[in-house]
Amino acid sequence: MSKINRLEKKLKRLHLIFVLLIFSFFTHLNRIIIIVHKYIFHNQDKSIFIIDFIINIFTYLSL
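To convert, note that position 4 of the sequence shown is 4 in this note's numbering; the numbers rise steadily by one, no gaps.
Note that these hints are calculated values from the structure, not bench results. Don't be surprised by glycine CBs; every beta carbon is placed ideally from N, CA and C. A couple of the hints might just be wrong.
Unchecked claim - Cβ-Cβ distance ranges computed for the label pairs, FRET-style:
hint	residue 1	residue 2	range
1	25	51	36 to 42 Å
2	19	59	21 to 27 Å
3	61	8	40 to 46 Å
4	3	52	47 to 53 Å
5	61	10	22 to 28 Å
6	57	7	31 to 37 Å
7	6	33	37 to 43 Å
8	8	28	28 to 34 Å
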C-alpha cells in the first residue's frame, strides 16, 4: 500500500512539473515568435543572425 502511495506522489509531482514546463513554453512562445520575425525581416547577415538568435532564445527562456 505504501508503495502505491509513493508512486502516486511521484506521479503527481511529475505531472506538476510537466504542466509548468508546458505553461512556460507557451508564455515564451510569443517572445520567440517576435524574435524570429525581427531577425527574418531586419537582419541580412546570416552567420551573425544564427549565433545571436540562439543566444537570444536561451536568454529569453532563462528569464
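**Asked** Checking against the hints above, which ones are violated?
**Response** Hint check: 1, 3 fail, others pass.
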